[in-house]
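Enquirer: In order, the protein sequence lines correspond to chains A and B. Mapping the first sequence onto the working numbering, position 357 (from 1) lands on 357, and the numbers just tick up by one. Mapping the second sequence onto the working numbering, position 66 (from 1) lands on 1066, and the numbers just tick up by one.
For the record, the hints were derived by calculation from the structure and aren't laboratory data. Watch out, some of these pointers could steer you wrong.
Claimed, not checked - Below, in silico cross-link-like pairs of lysine-lysine (DSSO-like), each with a Cα-Cα straight-line distance of 27 Å or less:
#1 A:153 to B:1098
#2 B:1135 to B:1066
#3 A:153 to B:1138
#4 B:1136 to A:154
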Amino acid sequence: MSVAIVGVGQTPFSRSCGVSIRELCFEAFRDALKDINLAPKEIDASIICSAPEYDKQRSPAGLISEYLGLTPKPTLYAESICSSSSTGVKIGYSFVKSRLHDIVAVIGFQKMSEISSAEVQERMGRGADIQWESPFGTMMPAGYAMFARAHMKKYGTTEEQLAKVKVKSGKYSLLNPLAMFRRAVTLEDCLKARVIASPLKMFDCCANADGASCVIMASEKKAKKITDTPVWVAGIGAASDTLSTTGRANLTGLDCSVEAGKQAYKMARIEAKDVDVAEVHDCFTIAEIMAYENLGFCKLGGGGKLIEESQTYIGGKIPVNVDGGLLSKGHPIGATGGSQFRTIVLQLQGKASKTQVDGAEVGLVHNIGGIGLYGNVTILRR
Amino acid sequence: MSFGKFGKISYVSQTKVADFVKYLEEGKIMATRCSGCEKLYFPPRADCPDDLSTDMTWKELSGKCKLLTYTTAHFAPTGFQDDLPYTIALAQCEEGVKVYALVSKDVNEDEIHIGMDLRIMPLRLPNGRITYELKKAKASMR
């Protein structure tokens, strides 16, 4: 029995959404249900995904489930920081595949503006190993910057190549009405921007955002009644790496990406070259370049050249993040994975309008939690 | 002894390896070694996941290490802003373990390069706090 994604939805991503988390989730949920033959009461279970350190509400699953009218169906909360909603999709897949539930809603959200900037700054420092690394004043950009520095040294990757990832992101952001930043940027804009954590500058980094996403999953039998264009989950891979930097064997790639990718390709019985369109976790420009390599879109060290040759644009070897990616959409932690799923599902349904990759049949979602801490790769098929 | 005095800001006060701070105050950078499988751990651990042993002994590191990667941070989490900019580094110790620490303010940013020789040194901070940092290795040390 195959498991399908039958509906996808998303709110605009913004700096400050101005509504409550329940209302934010409702928007994404409503969007996912708008074109399909499914009533909320037919949903058998829900999985609510966010990073709890930004929530004021304790145990948000109950609140969201109630507001979406899903009570008394079972609900639970799933968290793997930035990949929370990919983890939610994995759990949803297990529910449906095991026949525990026929139809599952995965709702990811984050209202990062729920807490003050000072509170955000305080939490930023605690994303590392709090006993041995946080006391040195680290945060996410510094973590990825250390990978960028090592990648540049080992492979000769340049700051210009990093910047070209953002130039691509900016180009496609103009075609995504839900993106937080909808503006083109030039190579020069990127290179002269202020340094955040060397060698990463402002445009090498994504921004905090508010937003919600929704993915509706169903069994094969139900899926065909709900929609004429189900998209099938063909492969799922997940892996973890050490939270500590000192525990890492690899400083020029994310081993959890490699492992999750291998699992997903094997389960889907495909290779990297079979992927027609991909969403990769570009929280920083270096993260996209490492993803190209770790997923096998190019050889190790070839990521800089791949973007330089524009091979990840539409029309290139493998179009990547043609919705603008996290770098332009914004990164509302718990909602991000669901937004990536939405983009790939619309591509495989042929509904991606101006960013449609012609004839896309196989899509890939790569969603990372932390600095290569949680790796999730999912392969979808038309 | 409380571990809470470790680092500029500590988020952990109770740990089985709190003696690390006592040794640090004596000028020693200590790792732990599993008595069962002999695996060396730095930062130190009280428990070995490889053979589930809790029989660990302290082992002093030479402090000699080489820079693996680094970044100079221009933004900081709460409590660290006054120190900006600062260089965070990961180095490989000659014993094989890795160390995560700041590069000493004595080292010019333009001198910092991957592969350079460094030395882990205890660093006393205001208010009785203590940490370690990475200093440039001197020729006399080899």
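Enquirer: Could you run down the list of hints and mark each one as holding or not?
Expert: Going down the list of hints, with the structure as the test:
1. Between the alpha carbons of residue 153 (chain A) and residue 1098 (chain B) the distance comes to roughly 19 Å, so the proposed pair stays at or under 27 Å and holds.
2. For a cut-off of 27 Å, the pair hint linking residue 1135 (chain B) to residue 1066 (chain B) stands: about 11 Å separates their Cα positions.
3. Only pairs whose Cα atoms come within 27 Å are accepted, and residue 153 (chain A) paired with residue 1138 (chain B) is accepted, the gap being roughly 24 Å.
4. For a cut-off of 27 Å, the pair hint linking residue 1136 (chain B) to residue 154 (chain A) stands: about 22 Å separates their Cα positions.
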